[in-house]
Each structure stands twice: as C-alpha cells, then as structure tokens.
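There are 2 protein chains.
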Amino acid sequence: MLLKRWLVGDPLKSTQAAHQRLSKTIALAIFSSNAISSVAYATEEILLVLILAGTAAVAWSIPISLAILFLIVVLTISYRQIIYEYPEGGGAYVVARNNFGEQPALIGAAALMIDYVLTVAVSVAAGIAALTSAVPSLFEYRVALGLAAIIFIVVINLRGVRESGTFFAFPTYFGVGIIGVMVGIGSVQAFFGQSASVSPGHQTAVEELTLFLILRTFAAGCTAVTGMEVVSNSVKAFRRPESQNASVTMIWMSLILASLFMGITFLAYHGGIQPKTDETVISQLARLTFGTGALYYAFQSGTMLLLILAANSAFAAFPQLASILARDGYMPRQMATFGDRLVFSNGIIVLGIIACFLLIVFHGDTHALIPLYAIGVFISFTLSQSGMVRQWLSKKGPHWRAKLIVNGAGAVTTGIATIIIATTKFTHGAWIVFVLIFILVLMFRSIRSHYKAVTEQIALTRDHRPPLPRRNIVVIPINGVNQAVIRAVDYARSRPGEIQAVMVDVDTESTARIQIQWAQWGCGVRLSVLPCPYRSVLSSFLDYVEELLKKEPDTWVTVVIPEVLPAHWWQGILHNQRALLLKTALLFKERVILTDVPFHLKR
Amino acid sequence: MLLKRWLVGDPLKSTQAAHQRLSKTIALAIFSSNAISSVAYATEEILLVLILAGTAAVAWSIPISLAILFLIVVLTISYRQIIYEYPEGGGAYVVARNNFGEQPALIGAAALMIDYVLTVAVSVAAGIAALTSAVPSLFEYRVALGLAAIIFIVVINLRGVRESGTFFAFPTYFGVGIIGVMVGIGSVQAFFGQSASVSPGHQTAVEELTLFLILRTFAAGCTAVTGMEVVSNSVKAFRRPESQNASVTMIWMSLILASLFMGITFLAYHGGIQPKTDETVISQLARLTFGTGALYYAFQSGTMLLLILAANSAFAAFPQLASILARDGYMPRQMATFGDRLVFSNGIIVLGIIACFLLIVFHGDTHALIPLYAIGVFISFTLSQSGMVRQWLSKKGPHWRAKLIVNGAGAVTTGIATIIIATTKFTHGAWIVFVLIFILVLMFRSIRSHYKAVTEQIALTRDHRPPLPRRNIVVIPINGVNQAVIRAVDYARSRPGEIQAVMVDVDTESTARIQIQWAQWGCGVRLSVLPCPYRSVLSSFLDYVEELLKKEPDTWVTVVIPEVLPAHWWQGILHNQRALLLKTALLFKERVILTDVPFHLKR
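Heads up: the protein sequence lines correspond to chains A and B, in order. Read in numbering that gives the first Met the number 0, the first sequence has 415 at position 416, and its numbers run on one by one without any break. Read in numbering that gives the first Met the number 0, the second sequence has 292 at position 293, and its numbers run on one by one without any break.
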C-alpha cells in the first residue's frame, strides 16, 4: 500500500474532478501525440510497399500522400461536428448506439478497443525502433525496453489525467518541434537546391505496379491518420466550454499532422531515401538533413519520446470507453468506476497488460504489428460518420443539410478507405482483427446476458419474502481444546440453534486426550469424532457437512470456525491453511452459513 | 483436482502403509542410485584438480582413490551399526539430538537438508551433461531439460514410494549394469594390453603439486561417497526385518560403488584421459572402450538415467527429515503429515522447487555446484559417528568396546575429511554452505519459538474460562435491496443482538432509491448511509467498523455479509470482488466476527 501511494499519490476526492480538467495546451499534447506520431512510420510504410515495384515507383508516394491529406481534411471537418453533437465523448460506440442500435455499436466498440491496444504496442515498438536506430547496441534489449516504457506510462497514468498531461506535455512538444525543425531545414535546403541526397541503390521490381499495389500503398499510408478520433472521444476531459476547446485542439492537431506528414514524404522522395531494414526512414532523413551530430541524436530522442507518449493517449481513451461499456453492462463492473486517483484504474492496468503481451508476442517489431493496425480505426471512423448521417436524416435541426453533406462525405471517404484497407491487408493479418472483433462482440453480449440473469435471479418479487429454512444446526470444527475453540463455542452458545462440535480422528492418541478435555470444557455440547481414512481432515469434514445437508433438506448448517490468526502475516506460513481452505470449500455449498470467530495472537 | 488424480493416483488409506514397504531389490535401486551415481563425476573432479599440477601429477589419482576406498569401507562398517541402533531412521539429526542435544542436532539437520537439495541439483545437472556429451546440439537446452527432469521426478514421487521404486528400479539397474560392463571390458582390455589409449596432449603445470593441492584433490574425490548415508536414514522404508534388510542393502551398495569408482579411476589413468570442457571423463572412457557406436550411446543414456534417478533418493529422504523436524516443531506443521498418497507431499514439492531454483541460478552447470556439495554430507557423517561414540560411552551394552572402536574410527576419519573439505573448498563456495547452515538453524529455532508462543497463548488456564464481550452489534453491509440482502437480514434477525444495515453512498441517485426500497423490505432495521469521498466503498465501511469498535470497547461486532456467488467460477471475474476483500480486511480486526450468508446463482 505504501508503494502504491508513493507511485500513484494520495487518493483524490470526487469533488476534485473538475480540477482535473485539461487546458488546450496540455490536451493537445495528450490527445494529439497519437495522431502526430504516426508521421514517424507512415511514410516508411508507404515506401516499403512501393519499393516492391522498383525504384521508379517511389514517385507514387506523392499522389498517395495527397490522397491521405484529403482524408485528413475530411476527417477534421466531419469530426468537429461529432465533437459538438457528442460532448460526453465515447466516439464510434456512442454514435452507433444512438443511431444504429446494439450490434453496430458493439462492433464499433470492439474495433476501437483493438485499435487502442495496437496504438500502445505499435507506438512503443516504433519509439524503441527510433532509439535502436541511433544506438544499435540496444537492439537486442528492445522488448525489455518496450515493456519498461509501458510500465512507466501505466504508473504515470494511475496518478491521474492532469498529472500525466503535465508530465508528458514537454517531451511531446519537444518531439513535434524537432520534427518540425527538420522538415523546415530540409525544405529550405531542397528549395535552394543545396540539399544532400543519398545515391539510391537501384532496386529491381519484384511486383508490377498494379492498381492493387497502389491501393495497398494507400492502405499502408492510412496509418498516418490513426489517432485522429482521440480528441472527439475525450471531449469530457477538456475545460469548459468543452466542445469549443476540443474543436480548436482538433484543428491544430490536424494542421501539424498534415504539414509534418507531407513534409517528410516530400523530403524522403526528394532525398531519394529508400527503406532499410536496420534504420528507419526518418532516421535516414534526419541524418541527411542534420548530419550525424548532436541535432541528429536530439531528433531521434524527440521522435522516441513522441512515439512512446502516443501510447499515452490510448491510456486516456481505452479506460474511458471500457467504463462506458461497463456502465451499459457489456464489460465487468470493476471497469465502470473511478479509482482513488479519479482515473479508471482497472482499465489502465488491463490495457497495460494486453499491450505488454502483444509486445512480447510480436518481439517488439513495428512492421509485424502494422498490418493489424488502422483497420479497427477505420471501421470506427465509418461507423461514426455514417451514424451522424443517420442522425441528421432523422433529427434534422438547423443547417442539417450542410451537416449531412459534411458527414456524408466523411462516411463515403472513410468507408472506401476501410474497404481498401480490409481488402489489401486481409491476408497480411487484418483477418485477425475481424476474428477479434467477432470474439469481443460475443464477449460483450455474454457479459451483458450474465448480468441480466443475475439481476433477474436476485430481484425481489413484489410482495413475496422468500422464507428461510426453519431449522439451524451449528457445527464447530475443532482440532483441540484451547482458548480459540472455547471462544467459538461460547459465541455459538449465545445464539439459538442445535450445536455440535466435530473433530477428525487423525491420531487416536490425541483424539482420546481431546475427548477427555472436552468433558471438562465442552459445556455439554456433543462432540462427534469423524474417521479419516485418507488423512485429509478437510475432506472428512466436508463429507460430514454434505451428509448433514442431505439428511436435513430444510435446514441451514452454520459452520462456526475457530480461527487462530498470527500476529504477523509472514507467520501465516507456519499455520496450516486449513481455515482458509475450509472457508473456500464451504462457500460454494448451498444452505451453509459460515461464521469466523477469530482469535488474534499477540506475538 | 482431476489433473492431480490422473498424475498422482487415487488417495491411499493409512492402513495401506505397510504394503508400501520396499523389498531389498527395489530399495537398492532407490537408495543406492545416489551414492553409486557419483562415480559419473567423482573421477573427473579428482583429475580436474590434479591436472593443475601438470600431466605427471595425474598419477596421484590412484593413491587418492585408495584413500577414498578406505573411507567407503569405514563408512559402511560404522553406518551398519547406526542402522541397527536407529531403525526409525532420521540420520545425523536423530543421532545428534539423542546424544548431543538441540544445537548440534539442528546443525546436522541443516547440513543434511542442504545436501539433499544439492544432490538433486548436482545429479540432474550431471545427468543432463551425460546427455549433452552424446548429443551436443541439446547443450543450449540443458536448463530446460533439467527442469523437466525434476518435475518428472516430483510427479512420480507424489504417486508414492513404492510406485516410484518400481518405476525407477529398471533404469537404475540398467545404468549400474552398463557402467559395470564398461569397467569389465576396459579392465580385460587393459590386462591383455590391447587397450586403446588417447594420446595425451601435454598439460603444463599451473600450480605446484603441494600437499594442499593433494588434499584439495582428496576433497574433490570425496563427492564419490556422498549419498552413502541415505540407506541408514531410510530404514523405516524397508520390509521387516528392517534393520537386517537395510544392512544387507548397504553392503551391496558399497561393493558396487567401490568397484565402479576404483575401476573408472584406474581405467582413466591407464587410458591417459584428461578432463575436457565439452565432454565428461566417463564419456571419453566409454568412447575409448566401446568406440562411438550403439554401446557408447547405451552407456551415455544409462549414466544419464542413473544420475537423474539419484536425485530421486533425495526425494525419499528430504521429506522424511522435514517431517521429523516438523513433528519436533522446527519446521512448518504442514510438512509433518502424509499427503493422500502416503508420502510427505509438501516436502516433495518444496524440495522440487528449491532444486529447480538452484538449477536455474547455476545454469545447470555441474562444476559450479560441486564446491558446495559434499561439505554438508561430511558434517552429518561426523555428527552421526561422534554421536554414536558418545552413545556407546554412556549407554555401553554388549560388545560396546568393539562398537565404540568402529564408530570412533568413523568419527575420526570423517572428521578429518570434513576439515580437509572445509579448508580446501572454503573460498570456492563452501562458505555459502556454512552461511546457509547458520540461517537454517536460526530459522528452525524461530519456528520452534513461534509455535511455543502460540501454544502458550491459546492454552486454557486450569479453571478460568475467558469471558466473551457482553454486547453484540450486528452490522450488515448492503449495496441494494435484493434477495441476497434480504436473506442476510432475515438470518441476522433470527438471532439476538442489535442489528443495523449500512450502505456506502457512491451515487446519490441510487442511494435514494435504495432507501425507499428499504422502507418496504428492511423490517424496521435501521439503515445508515456512509459518505464516500474517495470512492472506496471498502475503506468507508472499514472506517465505520473501526469507529464502532473504538466507541464500544466491550462489544463484539458481527459483520453479516450477503454474498452473491456465481454459478460458475469463471463468472467470478464479472463480480466485484468486494466480499472477498472485505472478509480479508475484517479478519485481522479484533472483536470482529464474520458471518457469510451466501446466495447461490443458478445460472
């Protein structure tokens, strides 16, 4: 507990919640790092596909990134409308629930959840790749480094939203700033024609430059826009007026994202950079622009920080979504409530564990994770936008036609992109996402139906008070005659009911001794001795209780356990854990009531 | 549970215990594999030290092994007397306890325990080394293979003594037999002068052949006699007449051990074999004798089986010793009793875990473990023998003078050997053993003093029945009005005492609703609403109970918990684990009695 307090701080009062709201400057750092950090790998993913068609095909990176720029613009405009319509946040799940009903909403929720988990895994993996591009000797420790990064983010997030925002704002701005500087200097160099350029090794084509390959490139580039939905899902975290602040933040985010992405793609093309296995594209670009000096290393560390902090935005969004789902009964109830630092602690911990698992399974390799990425986000984009279309059609309201057109354009664009991504990436791993969505939706539904069943079963019918069994037999298991046992017997004797003590005959000699002592101390309570052929005291006693329940179908059995408790927890190992085992076993028997009469040792 | 039954078999009745006794043939396999298997590494350890003084020094292996042969003879004769005097087994601990008192007995017990653990680790490591000498590609998996071997032995042992004996007898005899064949063929070849011999690479001396080096060689060779005490510690496991059968078994064991050890040392010297890093000495010897054919591989697998099964003898002896110590109050009580297969299950599991730990820490390397080995066994040899000397001096009895001389010779011989081993190996790791013995003895004593304190605290004084608190307040924590809660309230109302229901105000809306429902269903029981500023229902309630206890110093507080239990254990994750947390927290409060009223869901 002390460790927990030191790590996550003292508990916060519920009334302090408003104080935890975020300013635009900090919100931009928290919620945009996810989207902006994708510039660190999106261009590389585009080039990796195009290079399959040979060096000449690389020129296609420019039109393809223009298409992605178009996507950014459409998403920004259409998401601003969602921000104003859904100030409580929740994104695709809430929009789809309100406009399409349960099934599409759950698909949206599943898609979003998968994407948040992948955001953490991909961003941390890419961040560590930035580190190992600069310091190759750390490459073999990349999984351990990634795990350490995740654990660090988890702890910071358990401290609370505003603290993690303040903590992470500086490195985020540092990362964005230094990428901006690189793009700026690179552009000036390019403009004045004094730019260096690598002498590109000619790459022979292994595939033809088909339409499919171009679409696959587009799909790969779509990773650039992942994370754009985060602001709209987190409107509640902003200071008042929430929607307006969120909207301004969203526009800033899109401007930064668009200019950095276009700049990097252009410079990479201009500099003739080709993807390498051992160094990232933007690391090459930074080396070309800055030389391999102090600025290069600052750039790499900035990129690394930005990427690792991108993971942080998922830690704000995932628990929020899990909590909304839990309140609707689709997730375990523990996810619904704030922890003692006003964050959804359980959601944060679950996300951290799954992301660590992914990182280990995929050996911390960004490229292995990328094919799974983006598909979930685009499904949720499409659901949100088409949900809004439906909303305008049914609800109408002022300027509904204009708004319909905006969200309609968003729905069509993201819908087409979703189909392209699903088709071109399907065999490369996107199928896993569909399977997972299916499993998650099943899980949501069965959790909900379990809770419904529980509610039905424990509900009280209008005027019927279910009667208790008429009789109550009190059974006290003993293993000797001592103060703990006597206390339990006296407690049992102070209430009504037939009482019997029961002991298991492990050793005839001590059984005889106890029987003699019982005659003096037992106060006339009958002592039954149970045979114990298999030396398991526990099962002998359980069999006895089972018999009793069978013989008397209209009877409670109250088991009064005399429990000797050590003064220090570490002494627990020196005591047979029989009381605990007994309690656990009895808990699952019907008509058995457990009473624990403790005897606390002083030393 | 089903898995457990399938692995270890159905429980056995106590009356079946006699049936589990061992015949001489099987006892020889179980108890002698420990001692005999040492021939697989003892010669190598001798050569490893001698080679430091150059190739010529290797001739010293012959006189040194004659000294060890002398040790074997002395130990055999003197241990036979212990077998007859102590038919209940227990070895150094029992002998020292009866003749020297507590402190030396505990030192003996600690030394023996350490040695049993090391036996498992060393034997398994050496067994895997036999395997990897023959199949070098498995070398990198040696730790995993070792762990698998230990787990396998643990499971077999949990099935019971006789079953493991039967199971292990064949491979043990196979291993002993094939080593015997190798020694036989090798000797014939040597006698008729047609033996091959490796052309020894000349090894330059790095140390002088000092007396210290010779003594160190002797200490290294002493690993050959480790395990000789096992038979005398396990007399109880033999069929009647126990002592006589054990004594015959001991003699057979010594004969086999002595002839194989002397044979291997002689052949290794005659064949000019020098220790190598990548192949064991007896693997080289077998290759020389058999050639690298089917017989060689049979030899290696036989050695491997013999060594791995040597670990098995420790699994019979360690739990036996732990159980004796536990009955004397020096070990946790759980170690004292038979499990449901008539073996000391807890001791077997503990030994397995510690051995696995050692194997991992020392990377499964025999040579790294050897310096720790033997010292424990020789301390226990010396304690046993000198304890017997003391016994003959005080008890006398028929032929006591002759018996005194035998055990006296044993005490002096093993005492000198102990001093040699301790001195020469001290800096190589033997110091760890002394530290561990110190820690273990401390642990034994503090366990004993804890149990004594417990007994004193719970003991009843002659005529004084400690009174119970006069008043009893029943507190029922509720979080809604439903069948589970109503059942708990009705149960509480059926016994005397003031009753109050308590709920924590997490959400004002639902609090108001519950208060209205309570008016209908609460039967007039007062409902207190607790504030919950930190959203921790648990701590709010605990604070309330704490207050109550402070306010009413002469009162019991009985907390009646309405617990909803899922129909299937895996549904448990969908329920807040509040009942469990609450019970755990309340258990450690004085004057709090816990009553659990379960409500079992049907689906």
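By construction, these hints were calculated from the structure, which means they are not laboratory data. Note that the structure is predicted; figures quoted are calculated from it, not measured. For glycine and all other residues, C-beta sits at the position ideal for the given N, C-alpha and C. Just so you know, not all the hints are guaranteed correct.
[Stated by the list, open to error] For lysine-lysine, the following DSBU-like pairs were computed, each having C-alpha atoms within a straight-line distance of at most 30 Å:
#, chain 1, residue 1, chain 2, residue 2
1, A, K235, A, K23
2, B, K235, A, K582
3, B, K601, B, K550
4, A, K588, A, K601
5, A, K582, A, K23
6, A, K588, A, K549
7, B, K451, A, K582
8, A, K549, B, K601
9, A, K588, B, K601
10, A, K601, B, K588
11, A, K601, B, K550
12, A, K582, A, K549
13, B, K550, A, K588
14, A, K395, A, K235
15, B, K550, B, K275
16, B, K451, B, K582
17, B, K582, A, K549
18, B, K601, A, K582
19, A, K582, A, K451
20, B, K601, B, K588
21, A, K601, B, K582
22, A, K582, B, K582
23, A, K451, B, K582
24, B, K549, A, K582
25, A, K588, B, K588
26, A, K550, B, K601
27, B, K601, A, K451
28, A, K601, B, K549
29, B, K451, A, K601
[To be verified] Not everything, but these chain B residues come out facing chain A in the computed CB check (under 10 Å):
#, residue
30, R400
31, I404
32, L435
33, F437
34, I457
35, S493
36, G496
37, R602
Verification of the supplied hints:
1. A distance of roughly 12 Å separates the Cα atoms of K235 of chain A and K23 of chain A; the hinted pair therefore holds under the 30 Å criterion.
2. Our distance criterion of 30 Å between C-alpha atoms is broken by K235 of chain B and K582 of chain A, whose separation comes to about 37 Å.
3. In summary, the hint linking K601 of chain B to K550 of chain B is not supported, as the alpha carbons are separated by about 41 Å, beyond the 30 Å threshold.
4. Under the criterion of a C-alpha separation no larger than 30 Å, the hint pairing K588 of chain A with K601 of chain A is inconsistent with the structure, at around 33 Å.
5. For the hint linking K582 of chain A to K23 of chain A, the alpha-carbon distance of about 54 Å lies beyond 30 Å, and the restraint is violated.
6. At most 30 Å may separate the alpha-carbon atoms for a hinted pair to count; K588 of chain A and K549 of chain A meet this at roughly 12 Å.
7. Distance hint between K451 of chain B and K582 of chain A is fulfilled; the C-alpha atoms sit about 26 Å from each other, no more than 30 Å.
8. Of the supplied pair hints, the one linking K549 of chain A and K601 of chain B holds, its CA atoms being roughly 19 Å apart against a limit of 30 Å.
9. Our distance criterion of 30 Å between C-alpha atoms is met by K588 of chain A and K601 of chain B, whose separation comes to about 12 Å.
10. Among the hinted pairs, K601 of chain A with K588 of chain B is consistent with the structure: their alpha-carbon atoms are about 12 Å apart, no more than 30 Å.
11. Restraint check for K601 of chain A and K550 of chain B: satisfied, since their Cα atoms lie roughly 22 Å apart, inside the 30 Å limit.
12. For the hint linking K582 of chain A to K549 of chain A, the alpha-carbon distance of about 20 Å falls within 30 Å, and the restraint holds.
13. At most 30 Å may separate the alpha-carbon atoms for a hinted pair to count; K550 of chain B and K588 of chain A exceed this at roughly 36 Å.
14. Straight-line distance between C-alpha atoms of K395 of chain A and K235 of chain A comes to about 25 Å, which keeps the hinted pair within the 30 Å bound.
15. Straight-line distance between C-alpha atoms of K550 of chain B and K275 of chain B comes to about 77 Å, which puts the hinted pair past the 30 Å bound.
16. Only pairs whose Cα atoms come within 30 Å are accepted, and K451 of chain B paired with K582 of chain B is accepted, the gap being roughly 28 Å.
17. For the suggested pair K582 of chain B and K549 of chain A, the alpha carbons sit about 28 Å apart, so the restraint of at most 30 Å is met.
18. Among the hinted pairs, K601 of chain B with K582 of chain A is consistent with the structure: their alpha-carbon atoms are about 21 Å apart, no more than 30 Å.
19. With a CA separation close to 28 Å, the supplied pair K582 of chain A and K451 of chain A stays within the 30 Å bound.
20. With a C-alpha separation of about 33 Å, the suggested pair K601 of chain B and K588 of chain B falls outside the 30 Å cut-off, and the hint is violated.
21. Of the pairs offered as hints, the one joining K601 of chain A and K582 of chain B holds, with about 21 Å between alpha carbons and a cut-off of 30 Å not exceeded.
22. The suggested pairing of K582 of chain A with K582 of chain B holds, with an alpha-carbon distance near 11 Å, which does not exceed 30 Å.
23. Note on K451 of chain A and K582 of chain B: the hinted pairing holds, with a Cα-Cα distance of about 26 Å set against a maximum of 30 Å.
24. A distance of roughly 28 Å separates the Cα atoms of K549 of chain B and K582 of chain A; the hinted pair therefore holds under the 30 Å criterion.
25. At most 30 Å may separate the alpha-carbon atoms for a hinted pair to count; K588 of chain A and K588 of chain B meet this at roughly 26 Å.
26. At most 30 Å may separate the alpha-carbon atoms for a hinted pair to count; K550 of chain A and K601 of chain B meet this at roughly 22 Å.
27. Note on K601 of chain B and K451 of chain A: the hinted pairing holds, with a Cα-Cα distance of about 13 Å set against a maximum of 30 Å.
28. A threshold of 30 Å between alpha carbons decides the hint, and for K601 of chain A with K549 of chain B the separation of about 19 Å falls inside it, so the pair holds.
29. Restraint check for K451 of chain B and K601 of chain A: the C-alpha separation of about 13 Å stays at or below 30 Å, so the hint holds.
30. A hinted interface residue such as R400 of chain B counts as satisfied when its beta carbon comes closer than 10 Å to some beta carbon of chain A; here the least separation is about 39 Å, so the hint is violated.
31. Interface restraint check: I404 of chain B against chain A, minimum CB-CB distance 41 Å, threshold 10 Å, status violated.
32. Interface restraint check for L435 of chain B: the shortest CB-CB distance to chain A comes to about 19 Å, outside 10 Å, so the restraint is violated.
33. For F437 of chain B, the suggested interface contact is broken, since its CB lies about 20 Å from the closest CB of chain A, more than 10 Å.
34. The beta carbon of I457 of chain B is positioned within 10 Å of a beta carbon in chain A (closest approach about 4 Å), and the interface hint is therefore held.
35. The restraint placing S493 of chain B at the interface with chain A holds, with a minimum CB-CB distance near 7 Å, inside the 10 Å limit.
36. With its C-beta approaching chain A no nearer than about 8 Å, G496 of chain B sits inside the 10 Å limit, and its interface hint holds.
37. Interface restraint check: R602 of chain B against chain A, minimum CB-CB distance 5 Å, threshold 10 Å, status holds.
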